[in-house]
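Colleague: Protein chains in written order, with this note's numbering: chain U, 1 to 115; chain X, 1 to 114.
The set of hints was computed from the structure by calculation and includes no laboratory data. Heads up, the beta-carbon is just placed ideally off N, CA and C, and yes, glycines get one too. The reader is advised that the hints may include incorrect statements.
Listed next, the in silico BS3-like pairs over lysine-lysine satisfying Cα-Cα at most 30 Å (straight line) [what the hints assert, rightly or not]:
#, chain 1, residue 1, chain 2, residue 2
1, X, LYS41, X, LYS19
2, X, LYS38, X, LYS19
3, U, LYS3, X, LYS19
4, U, LYS16, X, LYS22
5, X, LYS9, U, LYS73
6, U, LYS70, X, LYS18
7, X, LYS36, X, LYS18
8, U, LYS107, U, LYS73
9, X, LYS38, X, LYS22
10, X, LYS40, X, LYS22
11, X, LYS36, U, LYS16
12, X, LYS40, U, LYS16
13, X, LYS18, U, LYS3
14, X, LYS22, X, LYS36
15, X, LYS53, U, LYS3
16, X, LYS38, U, LYS107
So these bits of chain U aren't anywhere near chain X, every CB distance computed over 12 Å [claimed, not checked]:
#, residue
17, GLN8
18, GLN14
19, LYS16
20, VAL19
21, THR24
22, SER31
23, GLN39
24, ASP55
25, GLY62
26, GLN69
27, ALA71
28, ARG72
29, MET110
30, LEU112
Read off the chains here:
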Amino acid sequence: AQKITQTQPGMFVQEKEAVTLDCTYDTSDQSYGLFWYKQPSSGEMIFLIYQGSYDEQNATEGRYSLNFQKARKSANLVISASQLGDSAMYFCAMRENSGYSTLTFGKGTMLLVSP
Amino acid sequence: DTEVTQTPKHLVMGMTNKKSLKCEQHMGHRAMYWYKQKAKKPPELMFVYSYEKLSINESVPSRFSPECPNSSLLNLHLHALQPEDSALYLCASSQPGSSGNTIYFGEGSWLTVV
Chain U
1 AQKITQTQPG MFVQEKEAVT LDCTYDTSDQ SYGLFWYKQP SSGEMIFLIY
51 QGSYDEQNAT EGRYSLNFQK ARKSANLVIS ASQLGDSAMY FCAMRENSGY
101 STLTFGKGTM LLVSP
Chain X
1 DTEVTQTPKH LVMGMTNKKS LKCEQHMGHR AMYWYKQKAK KPPELMFVYS
51 YEKLSINESV PSRFSPECPN SSLLNLHLHA LQPEDSALYL CASSQPGSSG
101 NTIYFGEGSW LTVV
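All chains should be built: construct the whole structure from the sequences, respecting the hints.
Modeller: Shown next as structure tokens:
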């Protein structure tokens with residue numbers, strides 16, 4: 001079974017609008033971390049935001065916020081006021097405490113922002 | 001700006017060549033990683049070094065040889081590669097262990113094997 005599921009292969013949004021990128025996860029660990037990364041066509045993998053499994057409040061970083069619903073095992077990324085520079089691939093990822101605690105990625109969502 | 005630096009940015013090599021990818025971080029992290037990423041796919045873990053010791057090798061072919069000379073440097077030595085090894089190679093670093101430690105990536109090295 002996939003540990004991270006991103007069901008939207010591609011998303012389109014107009015500049016200045018908000019957009020939500022979906023992510024669901026599966027783990028039996030009680031302690032885990034959820035991450036979102038942005039990857040432009042240049043290739044760099046840019047860390048955006050982190051949510052810990054024990055965090056009671058949703059994480060926010062500037063225009064990025066993470067809508068964390070633990071019971072539903074979802075960790076959606078919300079980008080407010082989209083900009084043209086937000087066009088990129090977005091990956092949801094999870095790091096569990098068990099084993100060597102490596103990062104498991106979803107398949108990604110390609111976001112295109114139009115003027 | 002990323003604090004994980006990778007060189008070279010682009011590399012074209014023949015199947016008989018020997019080359020190396022280099023990675024450096026100055027965040028005091030004690031875990032370093034190599035990932036391979038093919039087009040339109042998520043990154044795939046290749047190797048993990050923790051406290052300068054190889055802790056994970058994800059069944060990577062021996063034509064890829066990692067090296068961690070010290071806590072700040074990570075190399076990936078390449079020899080007798082195949083065209084299917086052409087990909088983006090990402091280096092990353094973090095503090096080891098805890099799920100709460102963010103893994104930071106470099107800009108990547110685009111490798112083409114001809």
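Colleague: Next, verify each hint and record whether it holds.
Modeller: Right, here's what the structure says about each hint:
Taken as a hint, the LYS41/X and LYS19/X pair is honoured in the structure, with Cα atoms around 25 Å apart against an allowance of 30 Å. Between LYS38/X and LYS19/X, the direct Cα distance comes to roughly 20 Å. Compliance with the 30 Å bound is thereby established for this hinted pair. Simply put, LYS3/U and LYS19/X have alpha-carbon atoms about 35 Å apart, too far for the 30 Å limit, and the pair is violated. For the hint linking LYS16/U to LYS22/X, the alpha-carbon distance of about 39 Å lies beyond 30 Å, and the restraint is violated.
Only pairs whose Cα atoms come within 30 Å are accepted, and LYS9/X paired with LYS73/U is rejected, the gap being roughly 37 Å. A hinted pair counts as satisfied when its Cα atoms are at most 30 Å apart, and LYS70/U with LYS18/X does not qualify at roughly 48 Å. With a CA separation close to 18 Å, the supplied pair LYS36/X and LYS18/X stays within the 30 Å bound. Proximity of LYS107/U to LYS73/U is assessed by CA-CA distance (about 17 Å); at most 30 Å being required, the pair is judged to hold.
For the hint pairing LYS38/X with LYS22/X, the CA-to-CA distance comes to about 19 Å; that is within 30 Å, so the pair holds. With a C-alpha separation of about 24 Å, the suggested pair LYS40/X and LYS22/X falls inside the 30 Å cut-off, and the hint holds. Of the pairs offered as hints, the one joining LYS36/X and LYS16/U is violated, with about 34 Å between alpha carbons and a cut-off of 30 Å exceeded. Taking the CA atoms of LYS40/X and LYS16/U, the gap is about 26 Å. The hint holds against a cut of 30 Å.
The hinted pair formed by LYS18/X and LYS3/U fails the criterion: a straight-line CA distance of about 37 Å is larger than 30 Å. For the given pair, LYS22/X sits about 14 Å from LYS36/X by alpha-carbon distance, which is consistent with the 30 Å threshold. Proposed proximity of LYS53/X and LYS3/U is supported: the alpha carbons are some 27 Å apart, at most 30 Å. Using a Cα cut-off of 30 Å, the hinted pair LYS38/X and LYS107/U holds, with the two alpha carbons roughly 12 Å apart.
For GLN8/U, the shortest C-beta to C-beta distance to chain X comes to about 14 Å, beyond the 12 Å cut-off, and the non-interface label holds. Listed as outside the interface, GLN14/U is consistent with that label: its C-beta sits roughly 24 Å from the nearest C-beta of chain X, beyond the 12 Å cut-off. With a closest Cβ-Cβ approach of about 27 Å to chain X, LYS16/U is found to remain outside the 12 Å limit, as its non-interface label requires. The beta carbon of VAL19/U sits about 20 Å from the closest Cβ of chain X, which is more than 12 Å, so the claim that it is off the interface holds.
No beta-carbon of chain X is positioned within 12 Å of the beta-carbon of THR24/U; the least distance is around 15 Å. The claim that SER31/U lies off the interface is violated: its Cβ sits roughly 6 Å from the closest Cβ of chain X, which falls inside the 12 Å cut-off. Not every CB of chain X is more than 12 Å from the CB of GLN39/U (nearest about 9 Å), against its label as outside the interface. A cut-off of 12 Å between C-beta atoms contradicts the statement that ASP55/U is not in contact with chain X; the least separation is 9 Å.
Residue placement check: GLY62/U keeps its beta carbon more than 12 Å from all beta carbons of chain X (closest about 16 Å). The claim that GLN69/U is not at the interface with chain X holds, since no C-beta of that chain comes within 12 Å of its own (minimum 18 Å). For ALA71/U, the condition that its CB be more than 12 Å from all CB atoms of chain X holds, with the nearest at approximately 19 Å. Taking the minimum C-beta to C-beta distance to chain X, about 19 Å, the non-interface status of ARG72/U holds against the 12 Å cut.
The beta carbon of MET110/U sits about 8 Å from the closest Cβ of chain X, which is not more than 12 Å, so the claim that it is off the interface is violated. Interface exclusion of LEU112/U from chain X stands, the closest Cβ pair being 14 Å apart, more than 12 Å.
Taken one by one, the earlier hints fail for this structure at numbers 3, 4, 5, 6, 11, 13, 22, 23, 24, 29, listed in ascending order.
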